[in-house]
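Top to bottom, those sequences are chains A, B and C.
End of the first sequence = 192 in our numbering, gap-free, step of one.
End of the second sequence = 949 in our numbering, gap-free, step of one.
End of the third sequence = 1047 in our numbering, gap-free, step of one.
Because the hints were derived from the structure by calculation, they are not lab data.
Cβ atoms here follow ideal geometry from the backbone N, Cα and C, with glycine treated the same way.
Fair warning: there could be bad hints in the mix.
Below, a list of computed lysine to aspartate or glutamate pairs in the EDC-like style, where the Cα atoms sit at most 16 Å apart [what the hints assert, rightly or not]:
(1) K900(B) x E105(A)
(2) K87(A) x E799(B)
(3) K757(B) x E859(B)
(4) K120(A) x D820(B)
(5) K789(C) x D762(C)
(6) K87(A) x D131(A)
From the structure, some residues in chain C lie toward chain B, with a derived Cβ separation under 10 Å [to be verified]:
(7) I773
(8) K789
(9) T791
(10) Q795
(11) P800
(12) Q804
(13) T826
(14) Q879
(15) H944
(16) Q945
(17) L947
(18) V977
(19) D1009
(20) R1019
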Amino acid sequence: MTTEEGQSDRSDAIDVRQRFKGFLDAGSRFIALVVRESEDGMFELIYTFDQGGKVADFRFSIPLDREVDSVADIYPGAMTAEREAVDLFGVRFKGVRPGLFLVEGKSPPEPLRKRQIGGKGGDVPG
Amino acid sequence: MTSLARATVIPFGPQHAAFLEPLNVRLVLEEEKVVGAELNQGYNHRGMEYALSLDYKKSQYLCERVCGICSYHHSSCYCQGLEALYGVEVPMRARLIRTIMMECQRLTSHLLALGHIAEAVGYENLFMQCFRERELIMTLVNRLSGNRVHYSMNVIGGVKRDIGPEQVKDVEVTMKEVRPRLEELQRVFRRDSTLGKRTHGVGRFPRPAAEGWGTVGPVSRASGIPRDIRQDGFAAYSEVRFTPIVREEADVYARMMVRMDECLQSVDIIEECLPLLPDGPAAVQVKGHPTGEAFSRVEAPRGELMYYIRAKGALELDRIKLRTPALMNVPALLAMLPGCQLADVPGIVVSVDPCICCTDR
Amino acid sequence: MDPLALVVQLAIIVLAPLAVGLLRGVDRKLTARMQNRRGPPVVQPFYDMVKLLSKSPILINNLQVTFAGASLLFQAAALALFVAGGDLLIAFFVSGAGSIFLVLGAFSVRSPYSYLGGQRELLAILAYEPVLFLAVLSLGMRSSFLVSEFRGGLLADLPLVLLAMVPVMVILLEKSPYDVPAAHQELVSGPYIEYSGPYLAIMEGARWFQLAFVLGVITLFVWHDNIMVSLLGKAAIVLLVLFVTIVIDNITARLTRERMVMFMLTVGIALVAVNLIYLTIFPEGLI
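Work out the full structure, taking the sequences as your base and the hints as a guide.
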């Protein structure tokens, strides 16, 4: 089920947008943007697509403070996915505002980040 | 008239008579015409993705609690993903039982959505009728699983609750009873003139827009996109004849009728599955902690549901990500609402069947 | 004036709205049974009323309660005029003024829902008042504009006018397809949204008086020299009209305000007009 589309550790603005566009032009349908905090303290962004009934993706890792280009103007359906990543992980997208799920100043910031919670599993009751 | 009109802002939700889930649509009106809409979500954000990653064994029950209307699809998708990580082949019997239960849940979900559409345009009687037929399915799944909403039938590797021969008979009898009632409902939805006046041509969402917004499920199928994950044959869908139901009108009526027709299709699928049930075990054992990553997809009643699971060989998961169908369908309201009348807003909002538990998680 | 008649008239003025309350209970019960539900007890409207009156009063501004009170007074005055045998047309206009006060009450607060509800209520008034007016006119022209001198069953003469009263009742009872002003799913409660507690009870009371008056107009269609037969007939026709509106409510979705106005101003008026033209050509009546 997994297709590794190659990895890159750098994210140029042109890179994301071009690859995203490449997938769309090939007739793929965007499914989701998965953000993951990798062991070496980077964000891994996985853009997943439906490619004729199979899941395909392209992925790359970025440092936590790197700004990523938004693809929402190419594909409005990606807007929610990006805003979600902004809210839950604090990934920075160019021109994407926070506040899809969380209220700035009131909600705990970046709730899905590992280091903020102090290691998973530690505070599980039972 | 327009020269006198000034823009008014009306909050649709988070508490509203037509739509009870906490979603806020900020409507800008000129007289009663909607000229702008803004979505406000997150009233129900519970951090499910974090909770689900704590203990993959408990999560097979917890993931059902993400949503009350497509609970079984969530747990099936989750188990399917972990089975892929373990690399186990799920027995045919379990796959068929999953298919049957998923279709039962699709029936309850679609009948709920149809009832809501009827209610949103002020057709209370039809709403009650939908719920009366829905109750037949609800009591059926209660007899099969012991629960009405959260079936808790799935385990990683199969199903933990088998269906006995008398229960197979029960499903058969219920489907025979349900079919004529659904056909009657279909006749009403298709032909009722006042309902038609409120749904035909309302909330147009043409195919290019549907493709751009990435909508899934009945919303995109009503815009003429023949896309349904069931074609790819997860669970036991490869064993049954299946063609997606597609309509071209791309309005509230089309979204309503796609769901209505899918109800009857679900009955077909269930009836087709029953004789296929082979003897044998309903689950296989899995050993050890899983590693690796998997994408798992099922067609939930609202459309494609995807789980991304990344396991690291421990009880907790490295990352679990849910891409629910409502997350894609709800923002599409921004494309449907501008230009419509205030009177049509409830109908349009309900026609995408927004599930806020799923959207917010 | 005969003191006994006065007592009877006063009793009717008090009892008529209570009867309407009971009718609304029957309405809810019947609707529930048609929808496969149990429904509330028949006296539920009275429970509601008592509960509303017992709640603490909250007002947005004084204008609001002024308009609510005015609405109640005008509707009660219309019913009183009607029962006292006064002029049907004056009673009609007094009742119409009461409806306008409902709209003014809706406009007196800064709530968009209330405001839109008020606008829709105006449209509803524009839709049903002409038909109701023509119905009252035809009744009066056929017999007498003074209710005290009103004689003769007019059902045989004016059946189409009675038919035109059905959509009027649909609007007044806030039923599908024309429950546009207070549309639950669209405007929550429209003009009533900013009223609560005892003030909402005042608005509901005004509605009961208004319905009592309009149903009173409907009772004029039936007449018999024997008072018992006459009363039975009047009750029967009220129940029949109510039943028809409940059935209509349950087999339709809500339509838009444009359709409501169009229907009433074409079909509603046409029904009355056809009836009157027919009567002019055949003065002996239709049947």
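Each hint, compared with the structure:
Among the hinted pairs, K900(B) with E105(A) is consistent with the structure: their alpha-carbon atoms are about 11 Å apart, no more than 16 Å. As the CA atoms of K87(A) and E799(B) are separated by approximately 14 Å, the hinted pair is consistent with the 16 Å bound. For the proposed pair K757(B) and E859(B), the alpha carbon gap of about 11 Å is at most 16 Å, so the pair holds. Under the criterion of a C-alpha separation no larger than 16 Å, the hint pairing K120(A) with D820(B) is consistent with the structure, at around 9 Å.
Among the hinted pairs, K789(C) with D762(C) is inconsistent with the structure: their alpha-carbon atoms are about 40 Å apart, more than 16 Å. A C-alpha spacing of about 24 Å is found between K87(A) and D131(A), which places the hinted pair above 16 Å, so the restraint is violated. With 10 Å as the threshold, the beta carbon of I773(C) stays out of range of chain B, its nearest partner Cβ sitting at about 34 Å, so the hint is violated. For K789(C), the shortest C-beta to C-beta distance to chain B is roughly 15 Å, which exceeds 10 Å, and the interface hint is violated.
Restraint check, T791(C) versus chain B: the minimum CB separation of about 8 Å is within 10 Å; hint holds. Satisfaction of the interface hint for Q795(C) is found here, the shortest Cβ-Cβ separation to chain B being roughly 4 Å, below the 10 Å cut-off. For the restraint placing P800(C) at the interface with chain B, the shortest Cβ-Cβ distance is roughly 15 Å, beyond the 10 Å limit, so the hint is violated. Here the hint on Q804(C) is broken, as its CB sits about 17 Å from the closest CB of chain B, past 10 Å.
A hinted interface residue such as T826(C) counts as satisfied when its beta carbon comes closer than 10 Å to some beta carbon of chain B; here the least separation is about 25 Å, so the hint is violated. Interface hint status for Q879(C): upheld, as the beta-carbon distance to the closest one in chain B is roughly 8 Å, under 10 Å. Hint on H944(C) holds. Least Cβ distance to chain B is approximately 5 Å, under the 10 Å limit. Taking 10 Å as the C-beta cut-off, the interface hint given for Q945(C) holds, the closest approach to chain B being about 4 Å.
The restraint placing L947(C) at the interface with chain B holds, with a minimum CB-CB distance near 8 Å, inside the 10 Å limit. At a threshold of 10 Å, the smallest CB-CB gap from V977(C) to chain B is about 27 Å, leaving the interface hint violated. A distance limit of 10 Å between C-beta atoms decides the matter here; for D1009(C) the minimum to chain B is near 8 Å, and the interface restraint holds. Hint status for R1019(C): holds, given a least beta-carbon distance of 7 Å to chain B, under 10 Å.
Checked against the numbered hints above, the structure violates hints 5, 6, 7, 8, 11, 12, 13 and 18; every other hint is satisfied.
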